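**Q** Here's the letter readout for the chains.
Number of protein chains: 4
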Amino acid sequence: MAVHVAIVGASAPTEAQAASAEAVGRALGTAGAVVITGGGGGVMAAAARGAAENGARVVAILPGSDRTAANPWSEIVLATGMGELRNGLIVRAADVVIAVGGAYGTLSEIALALSAGTAVIGLDTWAIDGVQMAAGPDDAVARALALAGEG
Amino acid sequence: MAVHVAIVGASAPTEAQAASAEAVGRALGTAGAVVITGGGGGVMAAAARGAAENGARVVAILPGSDRTAANPWSEIVLATGMGELRNGLIVRAADVVIAVGGAYGTLSEIALALSAGTAVIGLDTWAIDGVQMAAGPDDAVARALALAGEG
Amino acid sequence: MAVHVAIVGASAPTEAQAASAEAVGRALGTAGAVVITGGGGGVMAAAARGAAENGARVVAILPGSDRTAANPWSEIVLATGMGELRNGLIVRAADVVIAVGGAYGTLSEIALALSAGTAVIGLDTWAIDGVQMAAGPDDAVARALALAGEG
Amino acid sequence: MAVHVAIVGASAPTEAQAASAEAVGRALGTAGAVVITGGGGGVMAAAARGAAENGARVVAILPGSDRTAANPWSEIVLATGMGELRNGLIVRAADVVIAVGGAYGTLSEIALALSAGTAVIGLDTWAIDGVQMAAGPDDAVARALALAGEG
Chain A
620 MAVHVAIVGA
630 SAPTEAQAAS
640 AEAVGRALGT
650 AGAVVITGGG
660 GGVMAAAARG
670 AAENGARVVA
680 ILPGSDRTAA
690 NPWSEIVLAT
700 GMGELRNGLI
710 VRAADVVIAV
720 GGAYGTLSEI
730 ALALSAGTAV
740 IGLDTWAIDG
750 VQMAAGPDDA
760 VARALALAGE
770 G
Chain B
620 MAVHVAIVGA
630 SAPTEAQAAS
640 AEAVGRALGT
650 AGAVVITGGG
660 GGVMAAAARG
670 AAENGARVVA
680 ILPGSDRTAA
690 NPWSEIVLAT
700 GMGELRNGLI
710 VRAADVVIAV
720 GGAYGTLSEI
730 ALALSAGTAV
740 IGLDTWAIDG
750 VQMAAGPDDA
760 VARALALAGE
770 G
Chain C
620 MAVHVAIVGA
630 SAPTEAQAAS
640 AEAVGRALGT
650 AGAVVITGGG
660 GGVMAAAARG
670 AAENGARVVA
680 ILPGSDRTAA
690 NPWSEIVLAT
700 GMGELRNGLI
710 VRAADVVIAV
720 GGAYGTLSEI
730 ALALSAGTAV
740 IGLDTWAIDG
750 VQMAAGPDDA
760 VARALALAGE
770 G
Chain D
620 MAVHVAIVGA
630 SAPTEAQAAS
640 AEAVGRALGT
650 AGAVVITGGG
660 GGVMAAAARG
670 AAENGARVVA
680 ILPGSDRTAA
690 NPWSEIVLAT
700 GMGELRNGLI
710 VRAADVVIAV
720 GGAYGTLSEI
730 ALALSAGTAV
740 IGLDTWAIDG
750 VQMAAGPDDA
760 VARALALAGE
770 G
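Protein chains in written order, with this note's numbering: chain A, 620 to 770; chain B, 620 to 770; chain C, 620 to 770; chain D, 620 to 770.
Next up, chain A with everything else stripped away, as it sits in the complex (with noise of 0.2 Å):
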């Protein structure tokens, strides 16, 4: 099985985090990873058109019952009608989450994460003692790919 690794983030990001964001979904593509988000604008949609473009399968997790909320990146999409709740699901889904920036959802995400057991990588996000802070995407993912056994 590839490896699930999920990009979670502001909805609201700044350029430099988007960018991040988006090579980070390059990084992941070129890796052969499936790369999970929860299908939104933001960070999720710049790691996701980051991933699609070099080839991952991108699974987008949504909050809503509506599938076609989706951002046009998502190749899996899974509308669970849960809210919030699918914050939860994004981070079991994946063998290793990497943050981007991100608000309060975002920390619900690094929370259930480490909760878990889940290694956490962090691009200018929450600074939660455990949360494992990169130098940059391409190092974010290196560290993901570490995590998971594949790197």
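There may be inaccurate statements among the hints.
Negatives, chain D to chain C, calculated, CB over 12 Å [as the list claims (entries may be wrong)]:
| id | residue |
| --- | --- |
| 1 | 631 |
| 2 | 642 |
| 3 | 649 |
| 4 | 659 |
| 5 | 673 |
| 6 | 687 |
| 7 | 714 |
| 8 | 722 |
| 9 | 723 |
| 10 | 738 |
| 11 | 743 |
| 12 | 747 |
| 13 | 748 |
| 14 | 752 |
| 15 | 758 |
| 16 | 762 |
A short, non-exhaustive set of chain D residues, derived as facing chain B with CB atoms under 8 Å [what the hints assert, rightly or not]:
| id | residue |
| --- | --- |
| 17 | 701 |
| 18 | 702 |
| 19 | 704 |
| 20 | 749 |
| 21 | 751 |
The set of hints was computed from the structure by calculation and includes no laboratory data.
It should be emphasised that the depicted structure is a prediction, and the values quoted were computed from it without experimental measurement.
Virtual Cβ for every residue (Gly too), placed ideally from N, Cα, C.
Given chain A, put chains B, C and D in place with the hints provided.
**A** Same frame as chain A, now just chains B, C and D:
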């Protein structure tokens, strides 16, 4: 977005049901559909095997939290840790549901689909009012694709 | 811990079904049970009213995220925001389920209960193999309490 | 409807945190609130004990599917079988959240509450921007009731 079809059914199927599920999976693979199952054995494994061998994206939505529990034909594996509540997620992820045999778990999926207005095609399964019984695997897939606007 | 009984059923019941649900609620109140419903109208409201008037703890497990949507006889209101996935939570919360009438949503609750090994008592509802049909409200409650070890 | 207050926090608290949680529970009981916890030990058990001894309705929303796992001060026990995804249900059920100590699971509850716009009162817990730190148990309960429109 490719059509998403869920195949649900017996974990302990008859030989005929397993053969039907595999044939359904193969036909969906040929059609380029995304195939969603519960990731377990029986009808789920047969459908996943047929679909994977014909090039479909195969998604497993597992009841447990251990991703390695999925059958080996599942490319994308989501471990929900929600037990049978994940039945509702399978249904919500699908444009149309095909049910093959099955016990009470399958009945819950049929009921949740019909309650949400999602069409259910049946093969040797619960004769619930609203289930559209098919003459065989090819007929089931043809009906499913037509209902999803792809036939 | 008091016996927890879920009453599920039609949101648009017949008069006879609504009267049955209210009588079931009253009898459960007399027995000191915790009564769980989906918090909506029809059978849910009738059962909650009967139970509340006879002193039962009445719990509503709502599909939406707005707690004020519960019927007024619900003392404890849990807004799940999970839509019909909450049907599974209602079933899991109960020692035994009583079904009165109902459409596909009720059928999903019956199926999830039977799948989990939770007994289902039926009054004018889906004639699914495994549902124990009762002669009337008093018989339904007597059977439910007996099955829960309290009769 | 009575105010619903969730008390979340450490499963392995310090003595001071356990005493705080119990005092919070007692004050909420006096106020006639519905008290919601995760049903486990530590802060959850201390809060439930204090609340139950002062006449509160005490609700446990458990991660597992075994209702007998709840602490003995829980009158109404909902076994969700959803693991830590149930953290989101605790938050959604509450008008306001009081957090006492805690690790990553508590952090996820704080984050989900703030994300949903639900106020969080803190006692010796994660210093996340948005958490309103209280001077002690009585202050925490006074603030919680005021925020819920009951103070």
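**Q** Each hint: holds or not?
**A** Now for the hints, and whether the structure bears them out:
1. 631: At roughly 25 Å from the nearest Cβ of chain C, residue 631 (chain D) sits farther out than 12 Å, so the non-interface label holds.
2. 642: holds, 23 Å
3. 649: Correct as stated: the minimum Cβ-Cβ distance to chain C is 18 Å, above 12 Å.
4. 659: holds, 16 Å
5. 673: holds, 17 Å
6. 687: violated, 8 Å
7. 714: Since the minimum Cβ distance to chain C is about 8 Å, residue 714 (chain D) lies within 12 Å and the statement is violated.
8. 722: Given a closest Cβ separation of 24 Å, the condition holds.
9. 723: With a cut-off of 12 Å, residue 723 (chain D) remains clear of chain C, as the shortest Cβ separation is near 22 Å.
10. 738: holds, 15 Å
11. 743: Per Cβ check, residue 743 (chain D) is outside 12 Å of chain C; nearest 28 Å; holds.
12. 747: With a cut-off of 12 Å, residue 747 (chain D) remains clear of chain C, as the shortest Cβ separation is near 22 Å.
13. 748: Answer for residue 748 (chain D): holds, closest chain C Cβ roughly 24 Å.
14. 752: The claim holds: residue 752 (chain D) sits with its nearest Cβ about 26 Å from chain C, beyond 12 Å.
15. 758: With a cut-off of 12 Å, residue 758 (chain D) remains clear of chain C, as the shortest Cβ separation is near 25 Å.
16. 762: Residue 762 (chain D) clear of chain C: closest Cβ-Cβ about 20 Å, beyond 12 Å.
17. 701: holds, 5 Å
18. 702: Hint on residue 702 (chain D): holds, closest Cβ of chain B at ~5 Å, below 8 Å.
19. 704: holds, 7 Å
20. 749: With a closest approach of 28 Å, the residue 749 (chain D) hint is violated.
21. 751: violated, 32 Å
Comparing the model with each earlier hint shows violations of hints 6, 7, 20, 21; every other hint is respected.
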